[in-house]
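Residue numbers (our numbering), protein chains in the order written: chain E, 1 to 138; chain R, 1 to 290; chain F, 1 to 326.
There could be a bad hint or two in this list.
[To be verified] Listed next, the stretches of chain R that the computed footprint assigns to chain F, with coverage defined by at least 3 CB atoms under 8 Å from CB atoms of chain F:
{"no.": "1", "stretch": "88-96"}
{"no.": "2", "stretch": "134-146"}
{"no.": "3", "stretch": "158-169"}
{"no.": "4", "stretch": "200-206"}
{"no.": "5", "stretch": "277-283"}
[Said to hold, decoys possible] A few chain F residues that don't get close to chain R, going by computed Cβ distances all over 10 Å:
{"no.": "6", "residue": "Ala12"}
{"no.": "7", "residue": "Ala15"}
{"no.": "8", "residue": "Gly16"}
{"no.": "9", "residue": "Ala57"}
{"no.": "10", "residue": "Leu196"}
{"no.": "11", "residue": "Phe225"}
{"no.": "12", "residue": "Val246"}
{"no.": "13", "residue": "Tyr273"}
{"no.": "14", "residue": "Phe300"}
{"no.": "15", "residue": "Ala323"}
None of these hints come from the bench; they were simulated from the model.
By construction, the Cβ of each residue, glycine as well, lies at the ideal position given by its N, Cα and C atoms.
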Amino acid sequence: MEFRIDRSSGLPAYLQLVRQVREALRLGWLGPGDRLPTVRDVVARSGVNANTVLKAYRELELSGLVEARQGSGTFVKAGLGSTDPEVMAALRTRLAVWVREAREAGLDSEDIDALVRSVLTADEGGNQTTSGEGVAVL
Amino acid sequence: MSTAVETTDGAAVAVRAQGLGKRYRAKWALRECTFELPAGRVAALVGANGAGKTTLMTVLAGLLDADEGSAGAAGRVAFVSQEKPVYRTFSAADMLRFGARLNLVWDEARARRWLARFEIPLDRPCGKLSGGQQAQVAFALAIGSRPDVLMLDEPLANLDPLARREVTAELLSEVDETGMTVLLSTHVVAELSGVADHLLLLAHGRLLTGGDLDELLGRHVSYTGPRSEAPPALGGIVEARHTDNQSTFLVELPEGQPRPVVAGPWVERPLTLEDYVLAQLEATRKGARA
Amino acid sequence: MTATTTGVVPVAKRAGVGWGDLAWLTWRQHRWAIAGLVAGAAAVVALALVLVWRVDATGDMQGLFGRWRFISLGSVVMLAPIATGLAIAVFWAAPVLAREYEQRTHLVVWSQDITPTRWLTGKVVLLGVPAVAVAVGVGLAARALVDSINATSDRPVFELFAMPAFEAVPLVQTAYAAFGFALGLAFSAVTRRTVLSMGLTLGAFIGVRVVVAGLWRPNFQTPLFKVEPYDAYRQQWDGPGDGSWVVNSGFSDAAGNEVDYPACSNTVDQAAYAKCMNDNNVLFFTQYHPADRLVPFQLFESAIFLVLAAGLLALAFARVRRARRI
Chain E
1 MEFRIDRSSG
11 LPAYLQLVRQ
21 VREALRLGWL
31 GPGDRLPTVR
41 DVVARSGVNA
51 NTVLKAYREL
61 ELSGLVEARQ
71 GSGTFVKAGL
81 GSTDPEVMAA
91 LRTRLAVWVR
101 EAREAGLDSE
111 DIDALVRSVL
121 TADEGGNQTT
131 SGEGVAVL
Chain R
1 MSTAVETTDG
11 AAVAVRAQGL
21 GKRYRAKWAL
31 RECTFELPAG
41 RVAALVGANG
51 AGKTTLMTVL
61 AGLLDADEGS
71 AGAAGRVAFV
81 SQEKPVYRTF
91 SAADMLRFGA
101 RLNLVWDEAR
111 ARRWLARFEI
121 PLDRPCGKLS
131 GGQQAQVAFA
141 LAIGSRPDVL
151 MLDEPLANLD
161 PLARREVTAE
171 LLSEVDETGM
181 TVLLSTHVVA
191 ELSGVADHLL
201 LLAHGRLLTG
211 GDLDELLGRH
221 VSYTGPRSEA
231 PPALGGIVEA
241 RHTDNQSTFL
251 VELPEGQPRP
261 VVAGPWVERP
271 LTLEDYVLAQ
281 LEATRKGARA
Chain F
1 MTATTTGVVP
11 VAKRAGVGWG
21 DLAWLTWRQH
31 RWAIAGLVAG
41 AAAVVALALV
51 LVWRVDATGD
61 MQGLFGRWRF
71 ISLGSVVMLA
81 PIATGLAIAV
91 FWAAPVLARE
101 YEQRTHLVVW
111 SQDITPTRWL
121 TGKVVLLGVP
131 AVAVAVGVGL
141 AARALVDSIN
151 ATSDRPVFEL
161 FAMPAFEAVP
171 LVQTAYAAFG
181 FALGLAFSAV
191 TRRTVLSMGL
201 TLGAFIGVRV
211 VVAGLWRPNF
221 QTPLFKVEPY
231 DAYRQQWDGP
241 GDGSWVVNSG
251 FSDAAGNEVD
261 YPACSNTVDQ
271 AAYAKCMNDN
281 NVLFFTQYHP
291 ADRLVPFQLF
301 ESAIFLVLAA
311 GLLALAFARV
321 RRARRI
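One chain only, chain E, in its complex shape (with noise of 0.2 Å):
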């Protein structure tokens, strides 16, 4: 796979990295036992600080999602993308209905995106903090 750093985005460029992973898992265009590209190879292709692939293969790896072998490179361990199908489709239904009372409400899709996306992220702050405690809020 080839990796690709967007340099206006906010995100750190190792966090790209470690996304663009779990997305080729999640695509399925990696699966359990492919090699990811040794960092010599990101460095040279993509112009990325080897430290930085380095951060993000071990952040991968202590997501338990690759495995590095002596010697031979990194591995894939596990799969992504493996929620049960029943699963999925009964979440999809459910935010169906929810768009739709969206809409009625008089949203476009603009403003359930940034709706989304601010739960989303208040979401990711919780997650963080497991602590729970420290936390400061307005």
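Knowing the structure of chain E, use the given hints to seat chains R and F on it.
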């Protein structure tokens, strides 16, 4: 040229500056500059034109005498100045011979590979090469000398967009293969993401901030919400902008504490390097920093 | 982590940058200036030897000077000891640092594994020693021709205290060459501009030489003083002929006080003129340096230029060692 090897407790330090100051006549070009650059990093020295980047680099490279403080680099330093100078009557091959004869370590294959990669003719006098080609010869010389610390002053200036990308990639490959530390100066912040992992921000001869890039960006958040006098989270306000009904705050979160959760009408955005740098520079211009 | 896979050519490592490396660099950078001056000097030396051989064989110097209307072979040789130090100053030394600064290549060369001081030491030795050697060669050749020509006559054709005979000795040539080299280098370091540095070097070299040779040399030591009647003076109208150097002469009274030109100009012949002078008690005084002062004078003048050279060299090194700007 080489300077004394210094090590500190903990991570190896590649470059260190202690209270560095440099004055041209009465005007200070550099003042109270203190930092340590860990070995193996690719550090970006960022600042507006005239912020003192070149002065700092040439002092660190041992080419300029400081008026105050001290500087040191661990191991052999190679410096490529902004003009990417080469001897005009020398051919590229002569420049490599020059590198082989004037360095304690010389990697001919590496230097030649660089020239081949950018298709630089070996036998033509450098004076007859284009500016971009001359720059490649200067880079090949620096790469071939296998420095422990490579300092590049505006390395990408005067290169076309394609060459900028290729030089960046090649340079980072060299860093990966040799493990050298790189300090590069630039005023084009947009190209740094993913390239640099350490930031030194210079304004008016003073170091505003320095440290691990991801860490710095992670410690800063941008909040946008209804007009308000204070941001939704505690921390140092780097920048505050207000319109009639909206406020945007750039907040430096306190160190060692978990990231706060903001809710309600506030939208939290991760910060791009460019946002961060511009906000910092803006703040010095307004004199807002205490 | 740093294992290299470069293969064919191994990474070269060594303990230091040697003189051979500096010699390569110096030759590669300055080969045209070096070759030009050495070729010119070699031509002058060869010409001088041919002329010496001819003068010695024929015992005659006729035709050597003024055979061609504007420039003669003999004057080329005689001019060389004067011009060599100047050429070294302007063409060898003045561009050395200035060109590096101008083209910013000082940042390249001093970024390699060599300190500015070591680099400059290399240039000074590798250009300075050949410069002195060239000057000594030219000095010896010109000296040989001066001696040969002076031997053809019982009075010296070339006054030994005056240009070019005074300069045409190895020691004085060494001093001029060293001074010229240091002067060019110092202007090079201070101005950082090639053409400006060459121009200033040219002017300053000529200026210092003129001041020392014209104003200071006659006063290296207090001249001897002698007063004699006009008749006695007239016998040696063309100078003393014993190799001494007359620096001043004129009319005086018996006590040696200078007097105005006496009113004897309307006498009919030499005898009447001499009588008129005697009648008016007008004598003739001469201030001169005897011939045995020649070598001390040459030593002293060499010392002046060598001291100046040392000072200028120190200035150039100080500029390079402690860079105040880049």
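Each hint tested on the structure:
no. : hint    : in the structure
1   : 88-96   : holds (count 4)
2   : 134-146 : holds (count 5)
3   : 158-169 : violated (count 0)
4   : 200-206 : violated (count 0)
5   : 277-283 : violated (count 0)
6   : Ala12   : violated (5 Å)
7   : Ala15   : violated (7 Å)
8   : Gly16   : violated (7 Å)
9   : Ala57   : holds (47 Å)
10  : Leu196  : holds (19 Å)
11  : Phe225  : holds (56 Å)
12  : Val246  : holds (53 Å)
13  : Tyr273  : holds (70 Å)
14  : Phe300  : holds (39 Å)
15  : Ala323  : violated (5 Å)
Against the hints set out earlier in the document, violations occur for numbers 3, 4, 5, 6, 7, 8, 15.
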